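There are 2 protein chains.
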Amino acid sequence: MDIHTYLKEKRELIDSYLESCFNVPSEPRVLHEAMKYSLLAGGKRIRPILALASYEVCGGKANDIIPYAAALELIHTYSLIHDDLPAMDNDNLRRGKPTSHKVFGEAIAILAGDALLTEAFSMLSNTKMQNSKIKIQNCGNSLSLNTHLSSHISHHSILRVIHEVAVAAGTHGMVAGQVQDILSENSKPDRDTLAFIHLYKTAALITASVRIGPILANSDEDALMALTKYGENIGLAFQIVDDILNIEGNTEELGKPAGSDEKMKKMTYPALFGTEKSRQKAEDLISNAIDVLKVFSSEAEPLRKIARYLIKRRV
Amino acid sequence: MDIHTYLKEKRELIDSYLESCFNVPSEPRVLHEAMKYSLLAGGKRIRPILALASYEVCGGKANDIIPYAAALELIHTYSLIHDDLPAMDNDNLRRGKPTSHKVFGEAIAILAGDALLTEAFSMLSNTKMQNSKIKIQNCGNSLSLNTHLSSHISHHSILRVIHEVAVAAGTHGMVAGQVQDILSENSKPDRDTLAFIHLYKTAALITASVRIGPILANSDEDALMALTKYGENIGLAFQIVDDILNIEGNTEELGKPAGSDEKMKKMTYPALFGTEKSRQKAEDLISNAIDVLKVFSSEAEPLRKIARYLIKRRV
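In order, the protein sequences belong to chains A and B. To convert, note that position 256 of the first sequence is 255 in numbering that gives the first Met the number 0; the numbers rise steadily by one, no gaps. To convert, note that position 113 of the second sequence is 112 in numbering that gives the first Met the number 0; the numbers rise steadily by one, no gaps.
Be a bit skeptical, because a hint or two may be false.
Said to hold, decoys possible - To give an idea of the interface, some chain A residues facing chain B are shown, with a C-beta separation under 10 Å as derived from the structure: (1) Tyr36; (2) Gly58; (3) Asn62; (4) Ala106; (5) Lys127; (6) Ile161; (7) Val166; (8) Ser277.
As the list claims (entries may be wrong) - With a straight-line cut-off of 27 Å between C-alpha atoms, the simulated DSS-like cross-links for lysine-lysine are: (9) A/Lys127 <-> B/Lys127; (10) A/Lys262 <-> A/Lys280; (11) B/Lys262 <-> A/Lys264; (12) B/Lys127 <-> A/Lys228; (13) B/Lys35 <-> A/Lys101; (14) B/Lys276 <-> B/Lys262; (15) B/Lys187 <-> B/Lys96; (16) B/Lys276 <-> A/Lys101; (17) A/Lys127 <-> B/Lys228.
FYI, nobody ran anything at the bench for these hints, they're computed from the structure. All values reported here derive from a predicted model rather than from experimental measurement. Heads up, the beta-carbon is just placed ideally off N, CA and C, and yes, glycines get one too.
Let the sequences and hints guide you as you build the complete structure.
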């Protein structure tokens with residue numbers, strides 16, 4: 000399998016579903032536009048793809064859980080909008096476009112973030128569309144997919160997924176990491192604080208994305224534990240690579256301002272260990288991630304290749 | 000029954016549960032403190048109380064659904080924190096105390112709101128504490144209550160509740176109303192826009208609060224429809240009374256700045272119809288609300304009295 004083709008196919012599945020959700024404008028129109036603007040700005044869709052890939056490795060069909068996977072992207076996008084606000088990182092560029100508050104103003108940006116977060120839980124808990132199908136465009140072909148849960152996914156599994164995502168995104172996850180990130184600006188970097196920021200701000204939601212697969216597939220504890228460790232390792236590596244790219248990448252390629260971490264005196268891996276040691280750390284984490292996948296056989300190939308892709312990415 | 004005793008007892012149940020949720024500090028401490036600060040600032044707890052009362056009218060025991068009811072207060076509190084931000088209404092006083100951003104700064108206030116919203120969905124989807132009990136203080140007595148769902152509440156009902164709350168709080172509910180509220184500042188009031196703001200900003204979540212009862216009790220469609228109409232009527236009346244109190248009340252009693260709507264040129268019922276016609280409109284809505292309760296017998300007495308209380312309240 001070619002990883003770039005795999006990522007493209009899965010990304011198009013997610014993008015088509017997200018676009019279909021925002022087909023019909025709602026009032027007030029500016030809220031609808033602000034949500035669409037940030038959500039459909041061409042992200043990598045890493046979290047949804049991880050959810051689909053982990054579901055497939057557990058024997059499921061990706062098409063059956065698209066809305067659960069897509070909901071992760073709503074949460075990720077809300078977090079980007081709020082992180083970019085003047086009161087936070089005060090960034091002007093995201094995914095190659097002016098940030099939400101630059102286009103719509105602060106009030107609408109805050110509310111668009113709030114709405115995306117809330118909409119994610121609406122999507123995760125929607126059982127009414129259980130048997131309906133929609134046609135979406137994927138890789139040039141039109142295909143039908145279940146817009147919501149297959150009948151073999153239990154309501155209990157869905158509740159577990161909602162809880163998993165809420166914990167990973169909230170007080171004991173992403174928000175805690177973002178608060179610590181802000182508190183640590185201008186502070187002397189230390190290992191424990193840095194680990195806390197990366198684990199909570201980034202790895203928590205990535206780990207939850209990977210755990211969704213085995214939970215929805217009702218897999219055994221061994222598969223869940225292996226995928227949890229995979230998620231934690233790639234989650235930390237992902238953030239370290241992000242920190243390195245913030246130094247070595249360029250603004251045009253990244254779609255967000257390069258060098259912003261140093262300017263804001265953010266606590267990052269390169270700031271504490273230098274880029275070379277940080278890169279080695281990320282590579283070790285990726286090796287660990289691939290290693291724990293040995294409980295699976297060839298069906299884990301996409302997850303292995305995603306791990307390797309994450310460290311080589313330039314964006 | 001005395002309505003004030005009833006409200007006090009239910010409020011103490013909710014407050015005790017909320018306090019128990021924040022007993023153990025989490026890191027970063029400032030996030031924990033900011034969430035507690037706004038949540039445990041002595042609100043009326045109207046939404047949770049409506050959920051408990053509507054569950055009781057459907058034959059349930061209030062103690063069995065405390066976390067679902069309490070989750071509504073987390074959502075309401077997050078909305079207050081975000082509404083008060085400088086980019087929105089820029090208010091300095093709430094529930095008689097300085098607003099969150101005045102105490103913790105804008106970044107932490109935004110994130111505390113985000114965390115409360117997310118935590119609400121964590122609370123609603125938590126099935127792990129299913130059989131555990133905690134002791135809480137209520138009216139001076141110690142009592143045990145289920146910290147989470149009774150075994151006779153189905154996972155399907157819980158998913159319906161989560162969806163109900165997410166829709167009422169998000170793009171098709173509260174956030175839409177808040178966006179329209181901001182867009183309509185300084186505009187000439189018109190009936191349709193005003194109805195939209197009140198229905199979405201306030202009545203949607205109040206209606207969802209009332210609908211939680213019959214959904215969790217697995218009541219028939221007649222009960223659900225009656226309570227939905229009750230919710231819509233008292234929800235609209237609640238916001239009209241809020242608008243009147245903003246003119247006639249005083250800052251000390253209200254715990255938030257009186258006269259702020261006029262200052263901000265908000266689109267309100269009194270601004271369009273004057274206070275006398277607005278009061279009459281609110282009274283009509285309350286009469287309608289009480290009228291639809293006739294499908295229930297004496298067990299609906301608390302809901303009838305809550306409706307009458309809402310129009311007479313001074314806070």
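Inset, instruction - Hint by hint, work out which the structure violates, then give me just those numbers in ascending order. - result: 1, 2, 3, 8, 11, 13, 15, 16
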